[in-house]
Structures are given as structure tokens and as C-alpha cells.
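Protein chains: 2
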Amino acid sequence: MIRAIGGLKEGFSDIGDDLALCDLDGMKLAAKVDMLVWSTDVPKGMKLWQVSRKAVAMCVSDFAAKGVRPMACLVSLGLPRGMREEEVEELASGFGRAKEEFDVEIVGGDTNESKELVIDCAMFGLSEGMVPRGGARVGDRVMVSGPFGYTSAGLKMIMEGMEAEPRFRDRALRSVFMPEPRLELGITLAGKRLMNSSIDSSDGLAISLWELADKSGVGIELESLPVGEGVLEFSEMNGLDWEELVLYGGEEYEIVFTVSEDGVEEAKALARELGVELIEIGRVVEGGGVKYRKRGRLEPVRRDGWIHLR
Amino acid sequence: MIRAIGGLKEGFSDIGDDLALCDLDGMKLAAKVDMLVWSTDVPKGMKLWQVSRKAVAMCVSDFAAKGVRPMACLVSLGLPRGMREEEVEELASGFGRAKEEFDVEIVGGDTNESKELVIDCAMFGLSEGMVPRGGARVGDRVMVSGPFGYTSAGLKMIMEGMEAEPRFRDRALRSVFMPEPRLELGITLAGKRLMNSSIDSSDGLAISLWELADKSGVGIELESLPVGEGVLEFSEMNGLDWEELVLYGGEEYEIVFTVSEDGVEEAKALARELGVELIEIGRVVEGGGVKYRKRGRLEPVRRDGWIHLR
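Quick mapping for you: the protein sequence lines, in order, are chains Z and A.
Take the first sequence: its position 155, counting from 1, is numbered 155 in my numbering, and each next residue is one higher.
In my numbering, each residue carries its 1-based index in the second sequence increased by 1000.
Since no wrong hints were added, every one of them can be taken at face value.
For lysine-lysine, the following DSSO-like pairs were computed, each having C-alpha atoms within a straight-line distance of at most 30 Å:
1) Lys1115/A x Lys156/Z
2) Lys1215/A x Lys99/Z
3) Lys115/Z x Lys1047/A
4) Lys99/Z x Lys28/Z
5) Lys28/Z x Lys1099/A
The hints are simulated quantities; they were obtained by calculation from the structure and are not laboratory data.
Can you make the complete structure from the sequences, with help from the hints?
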């Protein structure tokens, strides 16, 4: 997903981070908008309540990565003309679920008619100091909040009919339909100053790492890839390259962050208390870009990421 | 335009006013989202920069009506796949223009691919006490910030090819393509406590008056209609009922408000300093609903408003 319209042209401010931060009379407001579009964001088989829940979860994940608690959101809906009352109710129930799950009040909205379903979520909260993309320091360890590859595998099952072992299939489809942003983890780690730089990984692992490296003016060297259990077997079964799934898939709602070496164990312990197993994947080095040390040789990681469904 | 998703079902909070108001750790944040959709909101002949400017102006008008200064906004775009670079630039230039015109910083956004152009604007500001819809008191005078009927006339020229005298045509089309929200007026009147209740009129005059009456638990009696210059002639020329255009047209971005009788002259004088001629159209009475005193007889005004272009 192209995230910032900052790059488009004059008229936009380039924010270049997961959240926009505004100073309103001395108060720091963190805000985010994220638009979900039926034809490019919703895979076959996803229930309407999962779609509206995900529209909110996408925004929550950006707050999670920055360590900021979201407080409220407004939701704009574009509803296709033929949409039935039960379908609108199902959408509403997904918003209700998201509200409970993430404790984010839905304070307003706007309903329109459009050619396809569009859900735009605008979320905000207060920030005393959000973790930036650009804060990585040479020597930091690079961590992720969970394994990668499930969502790409799930999308390949849905869109290309690929085969999978039933338990892996369930897990992969769940990662597509029910993304779980790591809100408490992000807030906890940021509160303890255990993230020097961070980003939400939904555009894909490789591009997220590139963003951290570019914004921080450093390089990243990966020592291992956070491959999800069963992703290798699935890739083999379907003639895929598992590294491609892990690095360039996207749609995972994990936090990718860097932490000073002496904070690694504390971060892991705090995460474990929240039921999250942090995975160390590499370190921050001088230079630029992202490389992967594979069988003793440094290979470049492409600056590629998730592109919308076609 | 259906404004609030409050009514939809559980999962939404019913806000029932032009802006949502949230208490964030003691700070009152006023927020609004407004979605503009190509197929239902953009009449033929409207330039792309006017479309993006209007998407922002629509939100600004809600802040104007509530007397709250907007500070920043985020913009989500759904762009059709075939959109050319120059078209995207034109959109961006309209946002740039809106930013200058209304002094609202665009702090972030999200860009997506969609089947048709969708622009969702999320705007916020700080509010010390926004003017509610529900504050009208029996005895208040009912005022509007400008004449009505131009936009409906303009839309009829565009969509049904209706004829018009050239100067009237220019004015009517301008009202469609370049709506001018009454931001300074709203902030000034609210600051002097000269609005007891108020609403942005973009859904149409009749429905806006109904909203004020319903939310305040009072009735409204109109004594005259704020008909724009030339609207009568245009209506006659095209076999239309001018009262229909004025009451049920919509898409005017005026403020409809009530003011205590002893505040009327001060409000008019302040408005005049800002180049705005306030029009008194009736008064707040006991009871409910909206009626129009026409040739000595009270006639009901329907609770009808603007519906999207088809």
C-alpha cells in the first residue's frame, strides 16, 4: 500500500512516518487515515464483518508500531448502491467488534454511495513521544514481533488455489482475515524506551526494513529470516521460494523495530508476558540499505513490498 | 448526503451534530470526516482541482457552522487505475489551494487504487465550546448566511441542460464548483455567543431547519425564504417551482443558525464587516417541526433534503 501522499506533489506535507503528529496548542495529536477498497484490498472469502474490523485494525497497527494508544476514530463509508440491510449490519458489527477489541471509540462518520465498498478510517490519540522510523542506531538489534509468510501463503491459497496442509491453511487464512495488531506490545516497549526505531510491517518486511534504514541513515544486515512455521513446507509443496514470501509478501501487521543491544533481553521478557515471542533477525550497521547474510555471503534485499490484489 | 453513521447500528456512536467532539485527557478535540465520491458527488464540468478543493471545503463548512477553527486534516485518496500523472497533480494543486484558502495544514494521508475517484477528508481542531444543533430557544430569530437556490439551479443547468441568463449562469455554476464556506463568520459569531444553535446547510435548507428544530425540541416558523437573486426568473424560464429550489436543493455551504432577538443587530453588523449579508428568515416557536407562513397561512415544510447525483 502506498502510505503517504506526501510524495505526490505540493499541497501535501511529507510526513514519512506511520502516524502524522500535530502540535495543537501544545498538545501532541497523533493521527492516521487508512482507506480500504473492495476491489484491491478484500480477498475472496473474507466476511464483511472481517472487512470492517480489518479497516480499523490496519490503523491500530500503525499506532501499535509507534507506541501510541489510539483513542478514537471516525469512519467514512462508501457503500455500493445494491447493498442489503443485513450487509450493512454485518459491517457495523465488525466495527463494534473492533471497538471492543482495540478499545477505540468510534465517534463519528460519514456514509455515501459509491461504485464499490470503501472504508476510510481516521484514528487519533495523544502522543508524548512516538517512536520514529528514523531512530535506528548502529549496533541496534533488529527485531520483529512475529513470524512472516503466513499472509502471503494465505493469499496464494485464496487467489491462486494453492494447496496446503489443513492446519497451516487455517493459520494462513486467519492471518489474512483476522490480522492482530500488536497494540499492547508496542505501547509497552515504547513506554520502556525499548524501541529506537519502528515501523508497521504491513507493506512487507523488506520494504519496512528499507524504510528504517533510509530514514535512520544506516544499513541493516539480516542474519536470519523470521519464517513462519510451515511456510517452508507450503512453499515446497507449491514450487515457491519461501524467502520471497517472507520478505516481500506484506499484509502482516507486525512491528519491525530496532533496540539497543542491552535492551534485547528486557524487550523479550516484556513481550513474553504479553504472549508475544520476539524474533531477532539482524543488526544495524554503518552504510545504507538492507542485506541478508546467507551462507556467509551478504546478498542484497530488494526494496520491494506488497502491491494490491488485482 | 447522509451525514452520520450513528443511526446505522450498534458499533457506531450517534453523534448527531456537524462535528464529533472527543475529550482527550481534558482537551476537547472536534473532528469530522467527509467523503466525496466521483459518481455521486461530482457534476460534469467540474475541474479536478475544484473537486479536491471542495472535498476540503465541505469539511471546513462543518467547522464554520460550529464556530470551531479547523487546524489540520488528513486526506485519503482512492485513485482510479488509469489516472494520469497530470490529473494527480491537478488534484494535489486543489489541496494546495484549499490549504492556503482555509489555512488548514494537510498533515498526512493515504493513497489507494479504486474503481472511481474517492476523496475522504478527516479534519480536526480544538473546541472550547462548539455551537450545538440543539440550542435553539423559543423567541430566537432564524438566520442564514447567504441566499439559497443558486446551486440547485446550477446543477439543473449541468445535468438537465436548463437555460439561464449568462450572469445568473456564472453565479450558479460558481456556487456548484467553488463553494465558499463561511469560516470567519462562524468563528466570529460563535466567539461573541451570537449563535444559540447552528448547522451547516449543505444537506438543504429545509432539512437543516428540521434538524435544528428536532434537536432543540422547538418549532420553526419561516416568514420569508432566502431566495437568491435571479432564482425566480430562472425558475420561471424553466417551469420550476423556486421554493423547491430554495428549500430542498442542498449543496449550499451556508450557516443556518438561531440567535436571541437582542443579538440580531450585532450579528448583522459583525457579518457585514466580513462582507456577509445575513438574512433573517423566521423565528423559533413552541411545538415542533418547520412551517412557512405564506400569504398569512402556515404551510408545512417537508423534511426533505439533497440527494446525491445519479
